[in-house]
Amino acid sequence: MGHFKESDLRLPLILGDKSVHQITEDICRPIEGKANKWWWIAFSIASAALLWWIICVGYTVGTGLGVWGVNKTVDWAWDITNFVWWVGIGHAGTLISAILLLFRQKWRLSINRSAEAMTIFAVICAASFIVSHMGRPWVAYWPIPLPNQFGSLWVNFNSPLVWDVFAISTYFSVSLVFWYTGLIPDFAAVRDRAKTKVRKFWYTILSFGWVGTAKNWQRFEEVSLVLAGISTPLVLSVHSVVSMDFATSVIPGWHTTIFPPYFVAGAIFSGFAMVQTLLIITRKVLNMEEYITIYHIDMMNRIILITGSIVGVAYLTEFFIAWYSGVEYEQYAFINRATGPYWWAYWSMMTCNVITPQLFWSKRLRESVFATFVISIFVNIGMWFERFVIIVTSLHRDYLPSSWVMYSPTWVEIGIFIGSLGLFFVPFLLFTRFFPVIAMSELKTIVKTSSSQAKKKGAHHES
Amino acid sequence: MGANFNITDKRYEFTQNSKLISYVMIAIGMVAIITSFVTHSHQAWSNLLINNIFFMVIALGGLFFLAVQYAAEVGWSVGIRRVPEAMAMYLPWGAALMTIILIGNYIAGHSSGHYLYHWWHHDLFNPESPEFDHIIAGKSGFLNMPFFIARVAFYFIVWIGFAMYFRKLSRQQDSAPNGSELHLKMRSASYKFLVLFAVTSSMMAWDFIMSIDTHWYSTLFGWYTFASLFVSCIAVMAIMIVSMKRKGLMDHVNEHHLHNVGLFLFAFSVFWTYLWFSQFMLIWYSNIPEEVAYFMIRQDHYRAFWIATFFINFIAPLLLLMTRDAKRKPVLLLVIGALVFVGHWMDFFQMITPGVVGSEWHCGWMEIGTAVGFLGLFRYVALNQISKAALVPRNDPFMEESLQHTF
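Protein sequences, first through last, are from chains A and G.
Just so you know, we're using the working numbering here: the first sequence kicks off at 1 and counts up by one.
Just so you know, we're using the working numbering here: the second sequence kicks off at 1001 and counts up by one.
So that you can see chain A by itself, here it is in the shape it has in the complex (with noise of 0.2 Å):
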């Protein structure tokens, strides 16, 4: 194989003349270092956060689901839209790595290390959901299906919840695995570098006696290639079983065909808001901006804008077709979700779900980090309305009117939602100083063709 030259319109995705040597240094300067101030502050932050969060969580399990605000109609509410809400935000990692990964998206190689950090926490923080609203914890084995001495006890296959037991547990082991396999060479190479016992022997174990050989990255390409074809239907098949947790159900507003392909495009969009959000910080307060660009930010702001533009079809198809239906009770449904008591939840999504990342077409805004940021906070908010629009007001106007009512959360609702940032935050926090932030190795494969050293290389060629 020659030597493969770029299209000029292509853009550099390493910049600063890197050499390979170079991007071991930078990549590894987190962990050898020392946390600055802000990282302190943050992380005592979201320390308090998960302190609350084990306080509101305790309440619950200690007194009993009674100090939630569910009630006989509105019997999920803020849970399920948490915990919807937090495995649409696991998804951008693995889409990354397994989907981008097929159609060779080089930019894909400095931020997948990351996305796929935030999966695994946010999949851990869409577990913790499940298992607080079961009410008894200490039974959250249930759902598995385990020979037990209790008799006829067993789960019900027919139950999409199930389903979702199965999906949900297969993605977080699959994606972990990728992300841990991708992390060994770059284990080693700190490894290589320690100069202080205790790091030499924890990377030591991290890194499983990777030694680089040929046979070792033989090994490592196809273990990444069978991960990369397991992930790329899982990314799709969990999102998908969420939405039949609804879909499948004969309540107005939650029976849809479309739902489970517009979820998965919800949770890409979501998901790459939150890569935004995190990126923008950390690319900052890790100096990594000269391999995090503005070209892998305005990639991703041109993927949250497709996919804001899927999720708006969806929400003008379901619209369309709830009156193209002629029922009575599903026109009624989202009706009442553009003008009844929950009005500000549906308007609140329309607007940083639809309008807002169309911003994106402009050139300017995809490529401003200040923009960027605004706008991917704008999309996190919208998503969460997403789903507390589809369950809490499909549910709170059923088919009787006598029993219609209002939803409202209570404080140990609120508390168990935000003490969930200090769960995502705390592990996120600590994988910034102990885990190299960015898929060092593989990045190395594209510095011959995509630095903006070899682009000079290459013009200098042709001079």
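Source of the hints: derived by calculation from the structure; they are not laboratory data.
Just so it is clear, the structure is predicted and the values come from calculations on it, not from any experiment.
We treat Cβ as the ideally placed atom computed from N, Cα and C, and that holds for glycine.
Please note: incorrect hints may appear among the correct ones.
Said to hold, decoys possible - No farther apart than 20 Å at their CA atoms in a straight line, the calculated lysine-lysine pairs in the PhoX-like style are these:
hint, chain 1, residue 1, chain 2, residue 2
1, A, Lys363, G, Lys1185
2, G, Lys1388, G, Lys1245
3, A, Lys5, A, Lys18
4, G, Lys1247, G, Lys1388
5, G, Lys1192, A, Lys363
6, A, Lys363, A, Lys37
Claimed, not checked - Example chain A residues on the side facing chain G (calculated, C-beta under 10 Å, incomplete):
hint, residue
7, Arg10
8, Thr257
9, Phe259
10, Ser348
11, Thr351
12, Leu430
13, Arg433
Given chain A's structure and the hints, the job is docking chain G onto it.
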């Protein structure tokens, strides 16, 4: 330039013999169509509709593929670009025939009382009439003639306009001094087209297909149709690329390019299955009478055909295209492409026929003959277009990436 072959103008020559094949196919189609009308076959109109929609949306799929290549800044596909470009040029034919079929059926239905689209009956909307249908009347804001005509006209103008625009600029680029400038023009056109495609692809599925079963509705239907049309388009692309390559006209397309085409065929077959399953399973599970009626007729009266469609379109590409080697074998791509092509024709058949003729149906020589006729026409138009431009596009800023493509 790392390529070790000659990329000077290689053109496909559309020979008399090859044209003759298309003529014979069209003649078979004409005989089948005329016979079905003369013998008063009740499937005559639905046969026309199925085949015309099928080939028209394959052309539309070609245009969509092309636009995605520009919008996503794809390098490898430049070398195969002429194929989807030529396919998209069938759109004017599809649109013209669609207009003729719709007008013809409207006139014929006036006297016979049988329309392709049930909602074309005026009495359904008239509260005084015994035929009055409360539910269909509720849809009159969408299902009415003036709006329907306006929508269809809009689809055709958008699709044909963009197909011709891309084709024109792409051929200009062959002799343009600065290819990048035209490339960027096409890229910005592709954004506009994709936005319009997102809207028109779903709406045309409601208009042309879903409204046949006038009572029935499914929010996924637009995307389901999109998946089916895109797989069919990839299958046709695979067949055409392999055929051109076997003639020695596409040496610049190597096994890595074929791998990508195979990957698309595999991935979107699975994607189609995913949407098929989502739509079917959710309706089956909820078992709401208004919705489930759609699948009842297919299960009760089209069972073998309906199940075969699923297996051909899912199991066959899944098992046969799973390995890396399979995606790189031209013969295998040809065979699986043909299989999937037939499978998706069957998919469009089962989307349309039950709504038009109900449980009394058959798929005999008149149905297949009509399909052969349309295939002949599509083949003629596509090959004729391919012969008009060099198979290796020139001056594309991504051409070198395509020539060097390896995976």
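Now the hints, each set against the structure:
no., hint, result
1, Lys363(A) / Lys1185(G), "16 Å, holds"
2, Lys1388(G) / Lys1245(G), "17 Å, holds"
3, Lys5(A) / Lys18(A), "18 Å, holds"
4, Lys1247(G) / Lys1388(G), "17 Å, holds"
5, Lys1192(G) / Lys363(A), "15 Å, holds"
6, Lys363(A) / Lys37(A), "34 Å, violated"
7, Arg10, "7 Å, holds"
8, Thr257, "4 Å, holds"
9, Phe259, "7 Å, holds"
10, Ser348, "23 Å, violated"
11, Thr351, "20 Å, violated"
12, Leu430, "36 Å, violated"
13, Arg433, "36 Å, violated"
The earlier numbered hints that this structure contradicts are 6, 10, 11, 12, 13.
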